[in-house]
Amino acid sequence: MTIRAPLVVDDRERGLFRVHRSVFVSDEILQREREEIFGRSWLYVGHESELRKPGDFVTRRVGGRTVIFNRDRQGTVRVMLNTCRHRGAEVCRLTSGNARIFTCFYHGWAYDSTGNLVSVPDGDSYSASFDRHELGLHQPRVESYRGFVFTNFGPDPGSLLDFLADARYLIDLVADQSETGMEIVAGVHRYSMRANWKLLMENSVDGYHGLTVHQTYFEMLMNLGITPPGTDGNRETGRGIDLRNGHGVVTNPELGSPLMSPEVVVERDAHRVALAARLGAEHAGRIAMTRNLGIFPNFVIVDLNWGIQVRTMYPLAPGHTEITGWQIMPSDDSDSMRRYRLGNAMSFWGPAGLATPDDVEGLEQCQRGFASVNEVEWSDISRGMVKPTPSIVDELQMRVFWREWNKRITGTGYEAEGQPYDAGYLRSDQGARGTTQTGASR
Amino acid sequence: MTDLDLATVTNLTRADVEDFLYREAALLDEWRLEEWLDLFTQDCVYEIPPPDLPDADTARSFSLVHDERTLLEQRVIRLKKPTAHAEFPHSRTRRQITNVRILGHTGDEVMCTANFAVYRMRHGIDVVYIGRYEYVLKATPDGLKIKHRKAILDQSVLDPQGKVSIIL
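Chains as they are written, first to last, in numbering that gives the first Met the number 0: chain A, 0 to 441; chain B, 0 to 167.
Please note that a few of the clues may not be correct.
[Unchecked claim] Just so you have them, the derived chain A footprint on chain B, three or more residues with Cβ under 8 Å:
id	segment
1	45-57
2	78-90
3	149-161
Think of the hints as simulated: they come from the structure by calculation, not from any bench.
Note that the Cβ used here is the ideal one computed from N, Cα and C, for glycine as well.
Let the sequences and hints guide you as you build the complete structure.
Shown next, in the form of structure tokens:
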């Protein structure tokens, strides 16, 4: 199959938006995604809280590469490609730990925590042109924003802050929740689905599927005495917003407080009062809403108040995706609040949650349906295209992803849609937070 | 607790535990989930630790499952509905329970462990979940009940399993 054109139809006059289903099944498309998207875009690596002490490291796959994500002996957060400069073997074979030295077991080349090549067994047998200073572990560009660390494998990435555009304000609404910092909770969900990765990016910001796919979850909430928004007949709550550069969000009134003990209610309310005192009532009110944030190309934060899911996904094949899910929470939460958050998070998210398996089932059913791509060529993502302020059940935030995707894959860009993000709730001292450039590119 | 119950637990043999676990496995394979739920005490816990941290405290980590009685009941109610999409139509499952051992007694409770291979077949795709169970079984006037059921997966990455939409 060769790549056809157009792949994305954005018809503003008629209010129609379509995506050609070949984008979910074509090997050629996947190859181009690997080069033009995963090879050039800022990609989420991990959170600084995963690396508490100098020497701490985790290894994980990012954009198809295995990387060492570590804090060096001086405390600098780094991302290093996990491949020996000699013959290519992975120099670190553990998933996490603390190390001063990474030694390749194949021939014994060793690297320090900053990536420098510090030992080459029998090194005096090399010629004068062999320069070990040039043979440290490869380090792509690394920048972080409010503790969230991103890397970019491309030659000329531009700044992370420019890339994040208005998505930074949504990251702020997560990071602002604790004065002592947010932290990733122990326990990582790594699982796969038999569906294209982009379907999960859509699904992660899709409010339209909530009451159909997750009917049993909402019924569970109602069995426990909760009335979630949208179940009273009015589904047109919340807002979908174009955050520019392919990032989009849906925000909604909070989902209710399932499984909440009286003790936790008191603590949650006190936390909100403290937040309002620290940030202002409007800002704290914004934090108390839910947000499903999609950061192009493959990073998602779903903040439902009682739990915050951080998620990445990567294509192993057009119809096979590896997914990683974490929980992040305020580091100063009490034990009862921690148990409350995690209890709800587990009841909803993950391979054994009461919601996630139904999402995955839906996406796998779509992928099966794409077998008819030659006869049924287009998927429709038009909902709410003619509205001035699309709601949570509209599809603006998915169109935002697809416009950026199309620009990167085909070179054709489209105009932004809808009202820009209104950050008017911010006080003047809260507007300008910068990124941290870290490590050193090599 | 009566003396009779205590006697029942301390006299329990491995064969008794095997009979109990095999009966439980059959209820799950036959999707008789309400009857399965009746095997549990009111203060029960069903849990699956995070695949990357099998020793983690499931209530304080991002585990796969930490169900106390209320959530376990909701899990069963959900799984029996046709709108539990991941399990409609139901998977076929087949459970192999082996290496059953009694680890010890405390009062009217007995601790035991077993290995499992749970096969799940659906849409022509077969996957297998491998791991180990830990049980705390309690003697009650209504017979042996499950107070604590922990399924510890050996797979640290759920590929190709993907979902754990069945009871493991």
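Violated hints - listed by number, lowest first:
none
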